[in-house]
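A.B. asks: Here's the letter readout for the chains.
There are 6 protein chains.
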Amino acid sequence: MSRTPPDPSKGRIAQSMGKAKILMEAMPYIQEFKGKTVVVKYGGSAMVDENLRHTFAGDVALLALVGVRPVVVHGGGPHITRAMGQAGVEPQWMDGLRITDSETIRVVQTTLAGEINPDVVRLLGSHGALAAGVTGIDGALFVATPLDPKLGFVGEITKVNPDLIARMLMEGVVPVVAPLALGEDGHVYNVNADTAAGALAEALQAEKLVYLTDVDGLYHDLGDRDSLIQRATVQRLRELIGSGSVSKGMLPKLDSCISAMEAGVHNVHILDGRIQHALLLEIFTPQGIGTMIEP
Amino acid sequence: MSRTPPDPSKGRIAQSMGKAKILMEAMPYIQEFKGKTVVVKYGGSAMVDENLRHTFAGDVALLALVGVRPVVVHGGGPHITRAMGQAGVEPQWMDGLRITDSETIRVVQTTLAGEINPDVVRLLGSHGALAAGVTGIDGALFVATPLDPKLGFVGEITKVNPDLIARMLMEGVVPVVAPLALGEDGHVYNVNADTAAGALAEALQAEKLVYLTDVDGLYHDLGDRDSLIQRATVQRLRELIGSGSVSKGMLPKLDSCISAMEAGVHNVHILDGRIQHALLLEIFTPQGIGTMIEP
Amino acid sequence: MSRTPPDPSKGRIAQSMGKAKILMEAMPYIQEFKGKTVVVKYGGSAMVDENLRHTFAGDVALLALVGVRPVVVHGGGPHITRAMGQAGVEPQWMDGLRITDSETIRVVQTTLAGEINPDVVRLLGSHGALAAGVTGIDGALFVATPLDPKLGFVGEITKVNPDLIARMLMEGVVPVVAPLALGEDGHVYNVNADTAAGALAEALQAEKLVYLTDVDGLYHDLGDRDSLIQRATVQRLRELIGSGSVSKGMLPKLDSCISAMEAGVHNVHILDGRIQHALLLEIFTPQGIGTMIEP
Amino acid sequence: MSRTPPDPSKGRIAQSMGKAKILMEAMPYIQEFKGKTVVVKYGGSAMVDENLRHTFAGDVALLALVGVRPVVVHGGGPHITRAMGQAGVEPQWMDGLRITDSETIRVVQTTLAGEINPDVVRLLGSHGALAAGVTGIDGALFVATPLDPKLGFVGEITKVNPDLIARMLMEGVVPVVAPLALGEDGHVYNVNADTAAGALAEALQAEKLVYLTDVDGLYHDLGDRDSLIQRATVQRLRELIGSGSVSKGMLPKLDSCISAMEAGVHNVHILDGRIQHALLLEIFTPQGIGTMIEP
Amino acid sequence: MSRTPPDPSKGRIAQSMGKAKILMEAMPYIQEFKGKTVVVKYGGSAMVDENLRHTFAGDVALLALVGVRPVVVHGGGPHITRAMGQAGVEPQWMDGLRITDSETIRVVQTTLAGEINPDVVRLLGSHGALAAGVTGIDGALFVATPLDPKLGFVGEITKVNPDLIARMLMEGVVPVVAPLALGEDGHVYNVNADTAAGALAEALQAEKLVYLTDVDGLYHDLGDRDSLIQRATVQRLRELIGSGSVSKGMLPKLDSCISAMEAGVHNVHILDGRIQHALLLEIFTPQGIGTMIEP
Amino acid sequence: MSRTPPDPSKGRIAQSMGKAKILMEAMPYIQEFKGKTVVVKYGGSAMVDENLRHTFAGDVALLALVGVRPVVVHGGGPHITRAMGQAGVEPQWMDGLRITDSETIRVVQTTLAGEINPDVVRLLGSHGALAAGVTGIDGALFVATPLDPKLGFVGEITKVNPDLIARMLMEGVVPVVAPLALGEDGHVYNVNADTAAGALAEALQAEKLVYLTDVDGLYHDLGDRDSLIQRATVQRLRELIGSGSVSKGMLPKLDSCISAMEAGVHNVHILDGRIQHALLLEIFTPQGIGTMIEP
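Residue numbers (the numbering used here), protein chains in the order written: chain A, 1 to 295; chain B, 1 to 295; chain C, 1 to 295; chain D, 1 to 295; chain E, 1 to 295; chain F, 1 to 295.
So here's chain A without its partners, still in its complex pose (with noise of 0.2 Å):
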């Protein structure tokens, strides 16, 4: 490390107090997250925007340093839809559901494991992380079967195999995991990037698992921007979906959300994602951002 000298005027000196007291801010939330695994569902605007690319991979890599244990799941689907243009395939949609035929599968898995994930990794590793990629596929991670034989090949998770992620935890590497699945058929199937990291938090008994999302949260009532959420229980997170009170993309995350609580998973996080370096906010600081759901 390069070494600048100590500045003669009172100034600095206390500038510089004021990190050490900014460092030590931090101490009791390390102090509770130490050696916890924490999953993190990576998507939006954090995945496309240079700048916060950058500020979410910073903290991922502090996350990893200081002790916590981060897992990454990617989505991917603007990614996804401009390769199926350059590659001419037409998508087709199916109550919102993308019908997922041999030729989109192709594009799908090519881009999440040849595109977006060997990006992530290294977008991490440029960071100071040691990160490694994996598919749903590498180890049966997950083993699917068609959600609706109508799709082709969109998977619902049957099964979790966490133990190749469970060593990458304890050796410190950051997994970083393509929402693929093994069908039972042999087949690639595509899973919902969602669901998937609440499996996989399920599955490694994570203490927290977060969605980085481009919304603010939740909300009480959709139309009212005042009436953000900052904490919910999972008996509120049922009473909202009963409601009608949630977007259609938030679905998945909620389902997800009471599924890990309910199996144990102590916090669920929905944050958005626009702000700079929210993950490392939310976890270290005092200052809460978006939604907290608690049991």
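Errors might be hidden in some of the hints.
If several chains are the same, the list does not tell them apart, and a pair holds so long as it fits within one copy or across any two.
List of simulated lysine-lysine pairs, DSBU-like, C-alpha gap at most 30 Å [as the list claims (entries may be wrong)]:
1) K159 <-> K34
2) K36 <-> K159
3) K159 <-> K248
4) K34 <-> K21
5) K248 <-> K150
6) K21 <-> K36
7) K21 <-> K159
These are computed hints drawn from the structure, not numbers from a lab. Just so you know, these numbers come straight off a predicted model, no measurement behind them.
Place chains B, C, D, E and F on chain A using the hints.
C.D. replies: Leaving out everything else, chains B, C, D, E and F in the frame of chain A:
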């Protein structure tokens, strides 16, 4: 396991006993290579022909099952050319090496990590092997610098970090490696798969390095099909290279071969991957196939 | 390993490929039994006939080599009778059981521990297995009380201390066990080898218990050679014993069989040890030999 | 952890982000020193001033938390003098060293082991560090002979047995060490705390040895406050000692410094313990404080 | 080891053989207690009389040497009273318990941790035992709340964290424990050494808890020297306490005794520490000394 | 353990204290040899005399109990001669060595492995030691070639594989070794027990090698009973051999002795096994018995 009733006819028992004798024949070879690492460069017809793909996967799975430690390093030639065509990228060459600009390296990465690698993992899994994909970027497995500035993102390996691979081997996982590398500048680089296999065999202190090719083996005289070389020393290889009696595609193999042998790898094999079960037969039976390099 | 040149004729390659296919056939069986303990009661012709002795030893060595964990429990009948003759000790019987006075137990001990046991160890060693002899006295493996005061030093096993055997199995050593026991009174006792094998299989929570015998297997009707039973449940065994359709020598086997199955051993096999490679064929090929007991 | 609601004003979010940036700044320093042992000689104002005591304890606790391995060696000067006064023991000096008769060593032992050591352990514990007190007598950590017969029980360390300390470090415990030693004659000896810290750093092959003092650092010219030395080589230290430009109290530090560096300790730091968080700032920020000795 | 020549006279050999027989006699006791934890409350004459101190230390060292795991918990009564006198602190009492204000707890801490504890460590070390001092503050071994607000810093143990002690025992170190505790309010508290020994025996699931006292043992009738109780059940203890036939100083021992036995400690011994080698004789010979409590 | 009431008479307590003092005397010897391997060649009267057999077994059991690691290598002379007589095999000699044809080696193997070895295991077990029998064939412990073709199956040890023995020692098991060897030709060979003990001590890097014999020790002058040698260097041994002042039976012991000392064994002892507890007294008391060889 299901159970076939014993056939009363002597013929059936006799046939069974024939099987027992063949299993017995394999014993000394299993004894010799148990616990030893064998790096296999997988490419050519064995990667394309549906029948050969499955006999290869069966061979690897059987080796792993009885305690040999195979590592598969795959190439990607034809797939990449096809993918570039689909992406409308025009290949450009210099001295027989592909000029790899940023657009090209995207296609290379996507094809190797997103298409071929998961396919090979899945293929091995369907034969009962616990396999997991790794790119040279994961855990900074291969670190590289540009081979020649004019060639763009074509890398020369400067460092191998084999820890992740070594841990997988100890856990009984078969690593499937894509020949990408992390540039010292943080970019992705494409590296020659033959060279990558050699470098990995060196770093793992492997027992054997096996090249599955589409030729019978090495020849004393390229023009004479009867001059196939069964065994050659490193010294003889150097003479062959000097004599010009080696095809262009064979050169990186032979260079890696010499380098690996000098670094302590015991034998290198150049096998004809067009023969079914070439790998298994070479390692587990007395019949040699192709050319074996010895110290 | 020496190396035979590949035969240019297609016939030779074809023959090699036949070998590869047979090795492949064994895969699912190796996968199923890898790491599992198989206790083999070794006796009868397979212990006397020179040819059968060697095929048996090869079978055990191959099982050990590919990761199955065989334990050999040998008997000693004919050797003991011969040794008693040489020592001029007159055998005396009561209800088909040998009356074992102190002179007799000396001969029994000497023959089992001094003659048969080292011979079996050496036999297995000559086929490449790392074997070590153990008597039931070593580490108090078998503890016994008198079966019947009138029979002298004939013991009934009251406790099994399998730690020494379990450690050997973890180290890849094949234990060869002589059916002696340490009496609670400190004397040496002879125990029935069939019973000892069963008790050991129970204590080790073995996957399989195999009896190598000199009969084809069990029969529905002892007088009808065509009524060989391929599979029987424990319930069926009880009926057979009740019906009297079981030979006297078979009774201790069946009793141990029932007891072992109730203690969690998955299958018991009664094999015809007069068939070469009976053990290997039963475990590693789909052709059943003899009778398999299932839950 | 309690949770403060996010402030809607941008100012609050901006402030949070400032915190995140400061945490990020610490990353490269944590990466560099993680798993490394840092021996800190604790004394002077930092041991007396209530405010400084707590910022010091917080620094040590944070270092331990993020994976650095601190060892605290404390002195005892003023406390001992006070305790001697209370006990009515008249201090006697020879060449600036305290003559330590049997009455004096009792007071020294009692004060170091009974007063200061448990207080430091408790102080660290109140900041969340798992600390445990050790005297140089425990496990014969420091073995000593008389420095000079005329000085009585003042010891010169002849052997260090660091096993107990090394085990504590591996378990994440912060050792707090009192500078007593077990004489080769079985008596208790007092050893110079600066020397003890140096000897322990040597024996533990520490990365750093830090002296918390009541001076700004070393000076080129003792009389010139502007001549503070930021970095010096071991060679320069020798020159300084030779030139006489070193205060008396600083000499044992510099001698231990040279000896420790020659034994493989990477850096020695002479810090101004009167500055809050001096330890943390020196190790975790680019601003240097005091003087750093380098090879 | 030096070596005395064998004496030709038969007498010398005979004497040696007598020694061998005594070593043999100890065997069954070593077999019984090997690997078991024995918590010894050390106090009274055995802590004051020079001769008894050394025979006690020898006993502990021998127990540790042959594989028993002793833990020594010392008291401090007379030393503390003397130290308070020297410090000019006037002791104050309430119902026979010392009122412990902040001045008093300073003297208590200093005496226990600074005077007695290192002396016991050194004493054991001089007999070849690897001992290390621990106060109840180290690693928060004993956590306490005030026993009675009027008594000041006299604590009641609410939690025991025995990890540090358990690790020392596994490493063959003899822990020497001072009866201080860390208050839940962060202050130092004094705890009754008898109670502390009992609480530690419980937390360690010790085999035995031994009280070294200055009485012969328990009596059926305090006034009758002939009514010494050799063995008593927990039930009998309760009756004795109820009957009032127990001296005041014995009460905390008996309460801890009952509590420890209920928590799984096998036996508690109340020994006469005025007898040389009382500890060794009680544990390693058939002669009982004092009173043994059994379930 | 049962419990004898303390005798009120002072005499009884005094006697107990005498016992305590003797236990204390053994301490420095236990400290010195704890964890060290001691190979004992067991033979002569100590193997025949009922009383001596039991005191020997007690000695070995006590050594094992307090942490010394004994290995027993037994001979078989008289038993073999007797067994050959019983079997009607006529012994034939050449230069004092038994000509060992195939009939003779059968008797040797049977007697060593079947008679003596289990008896010694049982003897040790009856004194509380966990012992297990091993022949030189088990795990190829001793590998041999013919010593002289004319002598038949008399072997010269060419390789020792001590892994099995080393593992037993780590587990606290006492190995009892029969001096058989596996010929490089696959046959069983008889090896000299003195030589086998020496070779094993070498391979195990033992601390001590002890020969229990039927003589007082070595003499300066064989004809002079007063010239017993208490200590001798290796150099002195060589001179004694050269001078001819060594009995024939002693020669293999002295040769093994020199070879073992050169290979790093610290001391060799030649003890008079006719003295009760000779082994224990030699190792655990200051009285030397017999002759000790030192470097």
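A.B. asks: All hints are to be evaluated individually against the structure, with a verdict given for each.
C.D. replies: Right, here's what the structure says about each hint:
no. : hint          : in the structure
1   : K159 <-> K34  : both (28 Å within a copy, 23 Å between copies)
2   : K36 <-> K159  : both (23 Å within a copy, 25 Å between copies)
3   : K159 <-> K248 : within (25 Å within a copy, 48 Å between copies)
4   : K34 <-> K21   : both (20 Å within a copy, 20 Å between copies)
5   : K248 <-> K150 : within (20 Å within a copy, 50 Å between copies)
6   : K21 <-> K36   : both (25 Å within a copy, 23 Å between copies)
7   : K21 <-> K159  : neither (46 Å within a copy, 32 Å between copies)
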